[in-house]
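Colleague: Below, each chain spelled out in residue letters.
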Amino acid sequence: MTMTCWETVQAYGLRSLGYGENLLPKTDFTLCQHFTLIGSGMIWNVYFGALALMFGFFLANVLALAKAAHSPWLRKPAEWFIFVFRGSPLFIQFFIAYETLVLLPRAGVEIFGLTVATSWMTKAWAGALFVLFLNTAAYAAEIFYGALRSIPKGDLEAAEAYGITGWQKFRRIQWPTMLRLGWPAYTNEAIFLFHATTLVFFASFPAFRQMGDALYYANYFADKTFNPFIPYPIVGFYFILLTLFVTWAFGRVNRHLNRHLPQNLKSRIRLRPNLIR
Amino acid sequence: MFAFCADPKAIEGLSWLACYLTSSKHLAFYWSFGTVLLLLAITAPIALGFGFGGATMARSPVAPARIFGKAYIAMVRGIPDIVFFMFFVIALDQGVEYVKSLAVCSDPAWPWQGLEFRVCKEAKVPLATSDAFWHDAYGFTLAVVTFALVFGAFVANVLYGAMQAVPRAQLETAEAYGMNHGQVFWRVLVPQMWVFALPGLSNLWMILIKSTPLLFLLGVEDIVYYARELGGSKTQAYEYPHPDWRLWYFVALLCFYLLMTKASEGVLGRLAARLSKGQATAAGEAMRKAAA
Numbered sequence: 572m573t574m575t576c577w578e579t580v581q582a583y584g585l586r587s588l589g590y591g592e593n594l595l596p597k598t599d600f601t602l603c604q605h606f607t608l609i610g611s612g613m614i615w616n617v618y619f620g621a622l623a624l625m626f627g628f629f630l631a632n633v634l635a636l637a638k639a640a641h642s643p644w645l646r647k648p649a650e651w652f653i654f655v656f657r658g659s660p661l662f663i664q665f666f667i668a669y670e671t672l673v674l675l676p677r678a679g680v681e682i683f684g685l686t687v688a689t690s691w692m693t694k695a696w697a698g699a700l701f702v703l704f705l706n707t708a709a710y711a712a713e714i715f716y717g718a719l720r721s722i723p724k725g726d727l728e729a730a731e732a733y734g735i736t737g738w739q740k741f742r743r744i745q746w747p748t749m750l751r752l753g754w755p756a757y758t759n760e761a762i763f764l765f766h767a768t769t770l771v772f773f774a775s776f777p778a779f780r781q782m783g784d785a786l787y788y789a790n791y792f793a794d795k796t797f798n799p800f801i802p803y804p805i806v807g808f809y810f811i812l813l814t815l816f817v818t819w820a821f822g823r824v825n826r827h828l829n830r831h832l833p834q835n836l837k838s839r840i841r842l843r844p845n846l847i848r
Numbered sequence: 013m014f015a016f017c018a019d020p021k022a023i024e025g026l027s028w029l030a031c032y033l034t035s036s037k038h039l040a041f042y043w044s045f046g047t048v049l050l051l052l053a054i055t056a057p058i059a060l061g062f063g064f065g066g067a068t069m070a071r072s073p074v075a076p077a078r079i080f081g082k083a084y085i086a087m088v089r090g091i092p093d094i095v096f097f098m099f100f101v102i103a104l105d106q107g108v109e110y111v112k113s114l115a116v117c118s119d120p121a122w123p124w125q126g127l128e129f130r131v132c133k134e135a136k137v138p139l140a141t142s143d144a145f146w147h148d149a150y151g152f153t154l155a156v157v158t159f160a161l162v163f164g165a166f167v168a169n170v171l172y173g174a175m176q177a178v179p180r181a182q183l184e185t186a187e188a189y190g191m192n193h194g195q196v197f198w199r200v201l202v203p204q205m206w207v208f209a210l211p212g213l214s215n216l217w218m219i220l221i222k223s224t225p226l227l228f229l230l231g232v233e234d235i236v237y238y239a240r241e242l243g244g245s246k247t248q249a250y251e252y253p254h255p256d257w258r259l260w261y262f263v264a265l266l267c268f269y270l271l272m273t274k275a276s277e278g279v280l281g282r283l284a285a286r287l288s289k290g291q292a293t294a295a296g297e298a299m300r301k302a303a304a
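Residue numbers (the working numbering), protein chains in the order written: chain A, 572 to 848; chain B, 13 to 304.
It cannot be assumed that every hint is accurate.
What the hints assert, rightly or not - For lysine-lysine, the following DSSO-like pairs were computed, each having C-alpha atoms within a straight-line distance of at most 27 Å:
1. B:Lys-274 <-> A:Lys-647
2. B:Lys-112 <-> A:Lys-795
3. B:Lys-136 <-> A:Lys-795
4. A:Lys-694 <-> B:Lys-246
5. A:Lys-724 <-> B:Lys-301
6. B:Lys-112 <-> B:Lys-82
7. A:Lys-724 <-> A:Lys-597
Keep in mind that the hints were calculated from the coordinates and are not lab data.
So that you can see chain B by itself, here it is in the shape it has in the complex (with noise of 0.2 Å):
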């Protein structure tokens, strides 16, 4: 990174750090953490978006998506949701692979024999020959899929709730408008349901952020794969020899979940003052008073 960094072994001190703190090791720790916040920021929406059709199907008048729906809301209850990470990882995995190996492979066999799994290397996910990317890609977006199934359970656990919450009388006062199922469900139940379903929402939130070490179990290099790689202690064989810090890596970690935990907590804390604006609910007349 920088010019006097050429030989690390000659330097001291504050020098020292500098260039130990921007070798290309320790900026790839810091772009994982680009990885977990895209982990965050491509999960929530898809989470948000199957915990809606879970809510929605485990309202549906049809008797089989009701079912469905309940079912997947009640999957996470009393599992632990390790359990879910753990299995769905390598279950997805499978499933890609056998229904791939169905249109690819000559003769395809069922492939989980005895202690393996085998599925010829035509259906192999990513294919063993392409890029160390694809690989990556490939494992990130399996834990994607992981953590918004999980999570879009609880997500549409809560948005149940918050539909049920909705008063009955906004929905007939829509029916007796001469709205259709469609348009009560769009223009009045979807809009209202939201400050119901916030508490709950942005408790999954912190959740979710405190769930994002798991990227780890999944085989991602996250923050804590590199915690623990860069703080492991390093011989004079390294360019930086340093003992065993991966104690000061983690603290640095939990400064950073701490610090997203803060900034969450006020960022929500504002979204609910503005949800809470115009609604029929003891926030929303406390704010009509303050106003008056």
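Same shape as in the complex, but just chain A (with noise of 0.2 Å):
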């Protein structure tokens, strides 16, 4: 039985979600097959992405200021953290996280009399999910320490000469400036974020029903078909695609963070490999 390639998008397009045909293609691999299954498998890669970017960032704001506090009590455990999640491979932050996620009590744990069910916490949508969270957030708070310190003290002293202190001096000058310095290269982070949602099929987190990501589509292929030449530049095209989108939205956001800037001040996005955590 052969498909159109129309049919074989209506049957495998959202088959990372567990909608339409249950079997994977198994004999006859066409190109659309290719295209489509590791097409639906990015619907993951862009999940993970954008959540654990959207969560991080709020988290990552919190770790800076902790890191750059006087008193030890903030500074100390931000410090601590960071280096963690910096100084250790994703890949065995995921494993450790799984791990520790199925040793919880399977039946739920008990908090003030209600059952807290636990076993969602193992599957990868939740438990891969809170590991990128943590762990772009530590990079991202590195990132936005170092634009806090770097903030040009005339500005501060200009703000403090207005009569701007305390929390007003923060959200109105110290912040919108941590994030405009600091934001080519949060860009950068937030693609190789992206990129590191590849690891998450391939290290413990089963993909449940076959429904993983792109690279777990590709890696199915590849193992099928023998032939390594067509399912993984496929995928690299995706991530180009992804990769430009990416940097466009951020580059909509930097203009947005520059605008009050002569031209010839304004900081410009580069892209800087930074490849696995």
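Hints given; two lone chains; assemble the complex.
Modeller: Rendered as structure tokens:
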């Protein structure tokens, strides 16, 4: 039975979420199947990347401020958190998180008489997202911390001369300047976080009912066809598109953050390599 | 290892632990840390070499070489490196076997047939009859070449930037003294570029350390492989039965990596201070003032 490409898209387009045809193709692989299934897997890469970035951004701000704080009660924990997550491989972090989460009692934990279910935490959609969230928060916190420390002294003195102090100074001067200075580096962090999402299904977290990400399906095809020259370049193609989109979206924000500056002082975004964490 | 380990079921407590931690499987586990360090020791210089070649080509006045160099640098930018890892290991293996098949097979056919990669059995690398050692060595070599290729591209990017960062005036002065192209490159540009390259290279070294667990994905019996094997729960059928201890093994690996990171930071910090000495950079200027 042969399918037209449109039928293939209907059957496998949402396969990574569990909709459509249940059985993955086993023989007579077509280019259309490659593109459809791998593209379907990209949904997970976008899901992990986008949500981890969104939640991580807030934690990163808190961590950066804590690391810059005078009180060692705030500074030390933040320093350690950042060191542990930046100093160890993401791959190992995934393993540790998974092994820890499966140790939780299967029946659920009792808190104040309420039974909280725990089994969902060992699933990739929650567990791996949690690890990526902590990981990106640590990397971004280091970037924001560096930016916080390179705010020109004159800016802060000028703010104080105008009588802007405390929370007002932070909200209106320090925070926007920190974001503006750190944004190009943060853009790179975002790009490489999306790249890091490909590790999820290769580090402990099982792909439930063969619902995996782009690399999971590419690996499936390569294992079946013994031909790496088609599926992996397709993953590459999708990721180049994703990278271009992220660069564009973050570039828009960068323009917004720099809108008050004269043309020659604006910070440009440059892509810097920073592969595996 | 110890004499009292002869019957592990009869002993308890610390002596049990001592015997457990010195079982032959554990000794193999400790050696696998050596595998990781060996990979780092071999890959780093090769990647540096690839990177140097790539950066030099990207600056070349000859158009094909320049395009090749730039393409090599651009290769790893938009695509997750793990894709390259998974791709290169199979692609290199098949490439080697295909080339060998052209030489040794009596009737070499196009090997990618339908759903199989087929070469005659004389063209298999290593031969199916060879020692397990050669299979391991071949797998490790493929991993080294893959790591070196991917990291070479990153190094090339850093070195290309560093070469551009050497002040033009330095090179022009050298030319004014009558040095030819090669002399300017080797005597002026290369010695001066390292101080500009060091921050980028340090960063890459940290990343290289942190990417070594991927050896596991490439099928090498590395520390991750052993941590999973040894940590999994063992029934009474085993000499040393225990519940699932994988978490503790992974925590040990985490500590190993954190120590490596900390140690590298120290060494690289010192190296940076040494390279900055006498350089026309802010750090070099600060050192000059402190000494005066």
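Colleague: Could you work out which of the previously given hints the structure breaks and list their numbers from low to high?
Modeller: When the structure is compared with the hints, numbers 6 and 7 turn out to be violated.
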